[in-house]
Amino acid sequence: MTAVLPERPARPIGGRLVDQFEYGLDAPICLTWELTYACNLACVHCLSSSGRRDPRELSTAEAEAVIDELQRMQVFYVNVGGGEPTVRPDFWHLLDYAIGHDVGVKFSTNGIKLDKDRAEQLARTDYVDVQISLDGATAEVNDRVRGTGSFATAVRALENLAEAGMRDVKVSVVVTRENAGQLDEFKALTDRYGAQLRITRFRPSGRGADVWDRLHPTQAQQRELYAWLLANGEQVLTGDSFFHLSALGEALPGLNLCGAGRVVCLIDPVGDVYACPFAIHENFLAGNVRDEGGFQRVWQSSELFADLRSPQTGGACTKCAHFDACRGGCMAAKFFTGLPLDGPDPECVQGYGETALAARDKELATPRSSVDHSHTGPVRGRPTLLGIPAIPAKLCDESPLAGADLG
Amino acid sequence: MPTTAVAFDPSLPWQKARSVALRPEPFGALVYHFGNRKLSFLKSRTLVAVVEALAEHPTADATLTACGVPEAQRGTYVKALADLARSNMIEARTSLPPATRRLAADACRQADQPEDS
Ligand code: SF4
Ligand code: SF4
Numbered sequence: 001m002t003a004v005l006p007e008r009p010a011r012p013i014g015g016r017l018v019d020q021f022e023y024g025l026d027a028p029i030c031l032t033w034e035l036t037y038a039c040n041l042a043c044v045h046c047l048s049s050s051g052r053r054d055p056r057e058l059s060t061a062e063a064e065a066v067i068d069e070l071q072r073m074q075v076f077y078v079n080v081g082g083g084e085p086t087v088r089p090d091f092w093h094l095l096d097y098a099i100g101h102d103v104g105v106k107f108s109t110n111g112i113k114l115d116k117d118r119a120e121q122l123a124r125t126d127y128v129d130v131q132i133s134l135d136g137a138t139a140e141v142n143d144r145v146r147g148t149g150s151f152a153t154a155v156r157a158l159e160n161l162a163e164a165g166m167r168d169v170k171v172s173v174v175v176t177r178e179n180a181g182q183l184d185e186f187k188a189l190t191d192r193y194g195a196q197l198r199i200t201r202f203r204p205s206g207r208g209a210d211v212w213d214r215l216h217p218t219q220a221q222q223r224e225l226y227a228w229l230l231a232n233g234e235q236v237l238t239g240d241s242f243f244h245l246s247a248l249g250e251a252l253p254g255l256n257l258c259g260a261g262r263v264v265c266l267i268d269p270v271g272d273v274y275a276c277p278f279a280i281h282e283n284f285l286a287g288n289v290r291d292e293g294g295f296q297r298v299w300q301s302s303e304l305f306a307d308l309r310s311p312q313t314g315g316a317c318t319k320c321a322h323f324d325a326c327r328g329g330c331m332a333a334k335f336f337t338g339l340p341l342d343g344p345d346p347e348c349v350q351g352y353g354e355t356a357l358a359a360r361d362k363e364l365a366t367p368r369s370s371v372d373h374s375h376t377g378p379v380r381g382r383p384t385l386l387g388i389p390a391i392p393a394k395l396c397d398e399s400p401l402a403g404a405d406l407g
Numbered sequence: 001m002p003t004t005a006v007a008f009d010p011s012l013p014w015q016k017a018r019s020v021a022l023r024p025e026p027f028g029a030l031v032y033h034f035g036n037r038k039l040s041f042l043k044s045r046t047l048v049a050v051v052e053a054l055a056e057h058p059t060a061d062a063t064l065t066a067c068g069v070p071e072a073q074r075g076t077y078v079k080a081l082a083d084l085a086r087s088n089m090i091e092a093r094t095s096l097p098p099a100t101r102r103l104a105a106d107a108c109r110q111a112d113q114p115e116d117s
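Chains as they are written, first to last, in UniProt numbering: chain W, 1 to 407; chain G, 1 to 117.
To be clear, the hints were calculated from the coordinates, so they are not data collected in a lab. There could be a bad hint or two in this list.
What the hints assert, rightly or not - A few chain W residues facing chain G, derived, Cβ under 10 Å:
hint, residue
1, ARG11
2, GLY14
3, PHE76
Claimed, not checked - In silico contact screen, one side only, chain W against chain G (beta carbon under 7 Å); selected entries:
hint, residue
4, LEU17
5, GLN20
6, LEU25
7, GLN74
Where a beta carbon is used, it is the ideal one built from N, C-alpha and C, also for glycine.
Construct the complete structure from the given sequences, taking the supplied hints into account.
This is the structure we're talking about:
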């Protein structure tokens, strides 16, 4: 007997780009590469549950091999993150290596290593973009989730970059219940340093799942955010963050579909390839760059990605009048809140998400990632959101890089 | 630096901009400009062929003919090329006569390396 394989719908010829994107591309256009799970901070909402370095992280030579492959596949730029990528001793080498191989780099950092010298070095380098993470327009709001002193570190990095003449610096903000009212302040702050504001959606990924109930924006805040984006959207970067808000009316600028495994993916520090940086979970693990055939084989031939590369045809959302704009929202947000992937987003602006959340089976635990590199010991300047008292800076010196050879 | 955007005239010679790379995709190609880091898409394979072939023909019009673009679709293709010109993905070709080029190189050499030759 021959096995009957489920038919995969064939790619249409012509038509809108978003429809083409649903069928995937030969290489990603939004590739995130997290270089290390090590981080000097312990943000409460870290999407990758970072903290401690993983001993299996890619070596310098392996990372170079990935870059060579990206060059061959014509992946023209990558979003580098972590953990805190700049604490990898070979970070600056890999940056130069990538740029030298036609792979531009945009890296996200909390600013810890961006002193005046590094700022000048970056300003001299073509083809690199820096993105500083900040989750409050004031130290008070920021440090509660990112840790005491982290606002000052980020602002110092911004000052150094501005002084060095670095252009197109980005400030990346995860919109939460606590900072949603600060959008104008964020805009003013970034303008002050000649930087550009990028706001992204808070998703219940990594440690974010633990604080999602407390921190995700309320329905009222989402409506205000939507209005703010309509008024300011052209000057603010959002990536694919807020397309679920399109169901409120007009489509917002940006990528309006879930690109997971289609145009988006993540290479994690140990080389595992996931459908999306917000989906670090075995269900979305497509392979590893160390496997035979490398990243290209994973991207082009994995079963998981093939499954993700077709338009959604069933489920409650396909019957919704807003489906064409909203497309059912974010896969990761649904998954980590225990909702079905073909149903509404937990933050569905039509309110169906809340209904679905309320109807969840209380007996069933929400899925959790087994990948967790959170600090286990005390951390300097620990965030206070969770009510754990801050540890005085000097008393504790646990290094996030225990075991790493710091240059 | 690439030239600044010029109005698109299909009766002139054009080429894919020198800082632009095309990545083939099932529906056409992804266009990437290494200078301004803009990403764009070519939504048909014929358009990809046209962009690649621009440099080999005396004019953009001639390229369209050579690539077999049907008369009825010419307008669409000219518009697509005009969009690409506006975003600097293709550039007007100014093939300098070889003599001029040699002269420029010589001038350089004289200025920089007087001990040479
Ligand atoms: S899972 Fe969510 S974050 Fe990831 S690509 Fe889809 S919409 Fe974007
Ligand atoms: S029901 Fe689904 S498609 Fe409709 S607005 Fe909500 S999430 Fe979007």
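- [ ] Just pull the numbers of the violated hints for me, sorted ascending.
- [x] none
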